[in-house]
Every structure is written in C-alpha cells, then in structure tokens.
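Chemist: Sequence:
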Amino acid sequence: MDTPYAITINGKRVPTATTRAAINPATEKDICLFPLATRDHLDQAVVAAQESFSIWRDRPLEERQALVAKLGDLISENRESFIRLLITEQGKGRAGAEWEIGGSIHWLHEIAKQSLPPEVIVDKGEEQIVTRYTPIGVIGGITPWNFPLLLAVWKIAPALVAGNTMVLKPSPYTPLCTLLFGELAQSVLPPGVLNVISGGDELGQWMTEHPGIGKISFTGSTVTGRKVMSSASVNLKRLTLELGGNDPAIVLPDVDPKKIAKDLFWASFANSSQFCVACKRLYIHEDVYDAVAHELVEYAKTVTIGDGLTDGVELGPIQNRMQYDKVLNLLQDCKDRGQRFLLGGEASASPGYFIPVSLVDNPPEDSRVVVEEAFGPVLPLLKYRDIDDVVRRANNSPYGLAASVWGKDVKKAEAIASRLEAGTVWINQIHTFSPDIAFGGHKQSGIGIENSLHGLAEYCNTQTLMRRPLAV
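Going by my numbering, 643 is the number at position 90 of the sequence shown; the sequence numbering is gapless.
Since the hints were derived computationally from the structure, they do not count as laboratory data. There may be inaccurate statements among the hints.
What the hints assert, rightly or not - Below, a list of computed lysine-lysine pairs in the DSSO-like style, where the Cα atoms sit at most 27 Å apart:
1. Lys965 <-> Lys936
2. Lys565 <-> Lys623
3. Lys812 <-> Lys854
4. Lys854 <-> Lys936
5. Lys854 <-> Lys879
6. Lys936 <-> Lys996
7. Lys964 <-> Lys811
8. Lys936 <-> Lys961
9. Lys888 <-> Lys936
10. Lys879 <-> Lys936
As the list claims (entries may be wrong) - Each pair of labels, with its calculated beta carbon distance range:
11. Asp807 <-> Arg610: 28 to 36 Å
12. Asp555 <-> Ser783: 45 to 53 Å
13. Lys812 <-> Pro568: 51 to 59 Å
14. Pro568 <-> Arg610: 25 to 33 Å
15. Arg612 <-> Ile674: 49 to 57 Å
16. Glu604 <-> Ser786: 33 to 41 Å
17. Ser774 <-> Asp807: 32 to 40 Å
Nothing here was measured: the structure is a model prediction, and the numbers come from that model. Think of the CB as a built atom: it goes at the ideal place given N, C-alpha and C, for glycine as much as any other residue.
Could you build all of it, start to finish, from the sequences and the hints given here?
Modeler: Now the structure itself:
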C-alpha cells in the first residue's frame, strides 16, 4: 500500500520506518498508509521550530500576516482535493466537508488581519509604562478527528501571527488532510516555522512532556485534557484546552414545533453529533414536548445517511471503531434500562461505522445517556415544567462548553441564557462561530480561549516595560 503523505520537518518531507493504515469509516477499508513519527522525529521538529523562532518572531508583523493569509490561498487553490480527502478520511457528508474547508480558508484570511498592539498605560514624556504581547516560542498543537483541518487552523493561524513557531500533531484517525496541508505550507513558510508530524497517542504525551515546547494547545476529550495538564506541568507549559461538553438546549413552550424541528435536529446531529458543541440534552417544556418530539422524528426521516462521497448524503458514519463501540455501548445501556426509543436505537449491519439518529424518550436525569457525552447520534429528549428546575438541571454537569435557548419571547430566553453556566450560549441559533468571537469552556470543558483577540493573546506572554530617566 502507498504512503503518499509524509511528515514535514524543517521544510522537508521526512520518511519514517513505521506506518499505519488510515481507514475510511464509511467502508472500513484502508485508504493508504500514513507515517508514524518517533521520539527522535519529535526532537528534530522541536529543534527546527526553536531555530526558526527568533527569525520568525523578528519578521515584521505585516509579513507574518501576509504569509498566513497565503496559507488560506493554498487551501483555496486545492479546495476540491481537500474536500474529497476530508470526506474519505473523516466520513462527513459533502456539505459538512465544504463547510470545514471553507471555514479553514476563512479563518486563515481573517486571523491574518488580527494584531495586539502595545498598550500605553502611562506616557509622561520620558516616563512611560507599556504592556506588550510577546510570542511564547514553540507551540505544540494537538488536534482531534471530528474537524481535523479546521481545528488545526484555529491553532496554526493565531500561533504564527503572534510570532510563534509550531509542531503540530493531527489525530491518528484523521491525519491525511493535515499532512497534506503541512507539505503545501512549506511553499509559503520559511523552514521550521510549521512542522507537522503524525503518530499514535504516545506522540501526544511526548509533546506535552517535551521541555522544548513552551505551550500546548489541545482539542479533545476532558479525560485526555486532564492527562495533558498533568504532563505539561514538567516545565509549566502554557495551556489552551478545548475539551468535552454535554451541552443543554432549552425549548420554551411558545415555540412552533414544526418550524423549529429542523434547527433542533441540526443543533444535535450535525457531523453525526461528533461535535463538542452539539446539543446533547434537549429539554422541552411539557406543553410542547409531544409535538416537538413528533416533528423531530418526522424531520429525521428525511435526512439521508451514508457514504459522504455519494450525492445527497447529509450524515456520515462515526469516524472510528473506538467511538463507534462507545456509542453502541450507550445504546445498549438504554435498552438494558428499559428506555424507549422514539427513533433509531439499532446499528446498521452494513459495512461502515453507521449508527442511525436515535431519540430517547424522557429518560431519567441520572441515566448514562443524559450525564455522559455521547459524541454520536444519540439524543435524550427531556421534559420540564418549571424554569428554575430546568436551569438547575441544565447546569448540573461538570461540563460548561455551550448551551442554547429557543423561544419566541426573546427577553425571557435571554434571562434564562444568562443563568446558564457555559462559555457560549446561543439564543434561537446555534453553532455560530467567527474568527472574531471568543470561544472557550467553563468548568471541565476547558481552559483558555480560541478565536478573537482573546484567542490571539493566548499565544503570547504579557510583558510590561517601564522606563524613566536616571536622576542627574
């Protein structure tokens, strides 16, 4: 089997002695081999990033911005190749792949416009106090398999604009788009500025422990995030952790069930629910519960599930066998507990990691399907009567990533939203992101911010310079 993609260190393709097969989750067939980096490869990548850091840091901001914008142009020039490769390795439908690739282009272009100018605190002639933002050094980026290229770009763009260099590790489940991007990027960036190395889980641990890396930016599960935080303590690395969520949505009794069903469906099932900010607990007022549940079932029946390379497919498979088995186990737990499915509940016998949209009818609040993050197309519908009670239930979670409130009375919805313990709360919308909108979790959903100038500042040290003349 061919190994068409390579790790990139110091601007060059680097061969590896060991490889692994990338698997198409829609067919369970091998796509190609991809390289597995060793600890020595990581050391080489860190050294390359260290040696290029001072040159990249001292390059004028406008030049760094222009080169980051050109990375967006590179993806645009190869847009169709990226879309098809993303569908093949991740499994999402074409519309989802177009959204991710288009978003990657947009983020690179827009983050390239950002800057953090010095803040003058005191200016009294020769006496001055200035706070400035300085790059950290070598950034270690570790990205997940649900949005492999876009979430890599969320790290690459601000890190490089701020003047850092980077060693980036994609998920071993979805390395191909990121490896391709890493190779293409060398035609734009100086050697060593962006090094992309693929490998297994052990590579991530080596990165978090590596003394030559000054910051880790990690997107993944809360369980792994705790391990990252622990191992990064070896040299007090700076951290940005974008972790799991169990996002609640609250539907008020004044909604039109038929009109809201489509929005609620995609709030929950976009990317086959492999979305850290998917609605994972849907609280519906008892007055409209039956009607909303009915309309959700009816809309779900119109959505096509299958191989994303097939025209008309809107939802693909679970991305990998490990996650597929976890979701199957959760479905079995629902059955063992006698919980009722309004739709779905049984996996397909055909090839591929396919699980149908599954709606669970008002399970107990302490059931696994409510308290755990499924990260697959299984959604509990939960009845409520009292606003104070539903706010308490929505907040009763170790997670606090995002939430949403849905209702015609916008002031009432906003009053509820303000009481929810989450980093992002949407009202009558969901999954609205922008390079200019701060995104980050509360509680065990993460540490730090991505996007906006707050996100750019995450890739900087804050330095205060104070000067005054010597007394004569």
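Chemist: List in ascending order the numbers of the hints, as given earlier, that are violated by the structure.
Modeler: Of the numbered hints given earlier, those the structure breaks are 11, 12, 15 and 16, listed in rising order.
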